[in-house]
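Visitor: Residue strings, one per chain:
Number of protein chains: 2
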Amino acid sequence: MHPLDQATALTRAADGLWDGATSDRYWNFAGPFGGYLAALTLNAVLKDERRLGPPVAQTVNYCGALAKGAFRIATTLERGGKATQHWTVRLTQGDAVVTTASIVCANRRETFAQAVTERPAVPAPESLTRFVAAERFAWIGAYDFRFVEGGPVLDGQPRQGEGLGPSRTVLWMRDAPERPLDHLALASLADCFILRLLQMRGKLVPMSTVSMTTYFHATDAELAAQGTAHLLGVADSKRFAGNFHDQVMDLWGRDGRLIATGIQTVWYKE
Amino acid sequence: MHPLDQATALTRAADGLWDGATSDRYWNFAGPFGGYLAALTLNAVLKDERRLGPPVAQTVNYCGALAKGAFRIATTLERGGKATQHWTVRLTQGDAVVTTASIVCANRRETFAQAVTERPAVPAPESLTRFVAAERFAWIGAYDFRFVEGGPVLDGQPRQGEGLGPSRTVLWMRDAPERPLDHLALASLADCFILRLLQMRGKLVPMSTVSMTTYFHATDAELAAQGTAHLLGVADSKRFAGNFHDQVMDLWGRDGRLIATGIQTVWYKE
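Going down the list, the sequences are from chains A and B.
The first sequence begins at 0 in numbering that gives the first Met the number 0 and counts up by one.
The second sequence begins at 0 in numbering that gives the first Met the number 0 and counts up by one.
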């Protein structure tokens with residue numbers, strides 16, 4: 000069993016009620032990296048027999064830190080029709096709400112289709128070296144990252160003004176060990192970009208994502224065709240102000256199609 | 000009282016429970032335009048005494064059509080700390096969930112700030128003509144739109160392939176009549192872009208936004224300085240596939256600062 004499937008395993012406690020326990024594999028600082036909670040909350044809907052079809056959109060709200068140990072996930076099917084279905088998800092530990100999520104599933108068919116943006120031209124992942132992180136970031140070891148531009152400079156030397164690092168990063172990424180791409184993996188890959196504040200300033204201060212939204216564009220056939228190949232990820236920000244910054248991301252398939260897009264907003268202390 | 004304030008007026012029924020009634024002013028086809036529901040759900044949190052500070056992020060899920068008449072809004076404070084606060088909002092008519100929303104509020108201060116993107120250089124709104132819509136789109140009359148590029152071509156002639164219209168639109172926008180900018184108005188202005196599917200194909204087919212996320216970047220001082228001036232809006236899409244397309248938007252202030260950004264995902268039938 001792949002580590003992602005182990006770490007996101009859920010046991011059905013009742014209709015729309017799931018039990019699970021944390022995994023060290025996707026740990027960051029004070030808790031798991033946010034992509035793990037995105038995968039967990041999505042999985043509770045993916046496993047539900049009432050689900051209409053594949054997910055189209057997911058918003059995850061990071062309300063508080065997840066402690067190591069057991070948690071419970073409750074799902075509510077807010078409303079469903081023939082075309083779309085709206086879910087609310089709440090992950091708790093005891094009485095504390097750790098994460099909420101809203102998920103839209105749909106009955107997707109082939110109709111009018113149009114690609115508006117194009118994948119950047121970059122070197123193949125095979126020509127690049129895999130990024131090796133310090134052992135204290137467990138979750139980074141759960142991925143194979145190959146930076147094309149905007150690789151992390153974590154030297155602890157704070158940069159500011161014209162000395163700031165680039166806001167844009169382009170990298171190839173996939174699960175390590177390899178795992179065929181599906182929505183569960185996509186939900187976490189969407190959060191695999193190092194926070195732009197750290198990227199630009201090179202300095203660790205208290206910071207965390209408070210909300211993340213991911214849109215799943217790929218058809219099931221495109222996900223299957225992607226298999227275990229690397230995705231090309233592009234991340235950037237638009238503005239840092241008032242203790243928060245946004246982050247924008249695109250994930251491209253090896254065939255040049257846009258697999259997923261999303262945004263997140265990040266709180267930072269200073 | 001401004002039409003937006005009339006249309007979003009709420010009466011407190013109990014703690015976290017609000018009653019309201021629809022307004023024809025912001026009506027679209029089968030219901031109000033989505034920005035009206037964004038403003039309504041935000042207002043229930045803005046009016047709450049427990050609110051920590053200004054909103055940072057809002058995700059609105061459009062679960063079903065809002066019928067004319069009374070509705071109820073229930074808010075839940077999921078979790079709050081010194082820096083951030085997470086709310087869930089549910090708007091219902093009878094037993095039917097019409098809209099859900101998640102809203103993050105925060106205690107915002109001035110700290111590290113950086114503008115990454117720059118406002119496009121465009122002609123001033125005073126040099127452009129206000130867009131006049133057919134009377135059947137009531138909500139368009141509630142705004143002063145001045146198109147810089149990518150204005151709507153609603154001639155009913157379906158376009159496809161190389162004949163598709165541009166995906167990008169740039170326009171000046173503000174409430175009509177004028178109203179000083181605040182978060183309530185911003186929440187609806189974020190949804191003031193004609194759906195990209197209609198923009199590109201020029202043909203009305205069944206379509207509707209299923210989820211929209213808006214990030215509020217501007218400080219309170221910047222909002223106050225904006226006053227009743229036009230905002231510059233930029234909208235585009237990245238991909239249309241499997242009955243859904245995304246939409247990306249930026250709202251710029253007259254001083255060149257990025258006031259809000261967001262995305263939405265739109266279902267379309269064919």
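Among these hints, one or two may not hold up.
The list makes no distinction among identical chains, and a pair is therefore deemed to hold if it is satisfied within one copy or across any two copies.
[Stated by the list, open to error] Keeping only pairs whose Cα atoms sit at most 20 angstroms apart, straight-line, the calculated EDC-like set for lysine to aspartate or glutamate is:
(1) Lys-81 to Asp-47
(2) Lys-67 to Glu-109
(3) Lys-81 to Glu-117
(4) Lys-81 to Glu-269
(5) Lys-81 to Asp-254
(6) Lys-237 to Glu-109
(7) Lys-81 to Asp-18
(8) Lys-202 to Asp-235
Hints were generated in silico from the structure; no laboratory data involved.
Visitor: Would you pick out the hints that fail for this structure and give their numbers low to high?
Guide: 2, 3, 5 and 7
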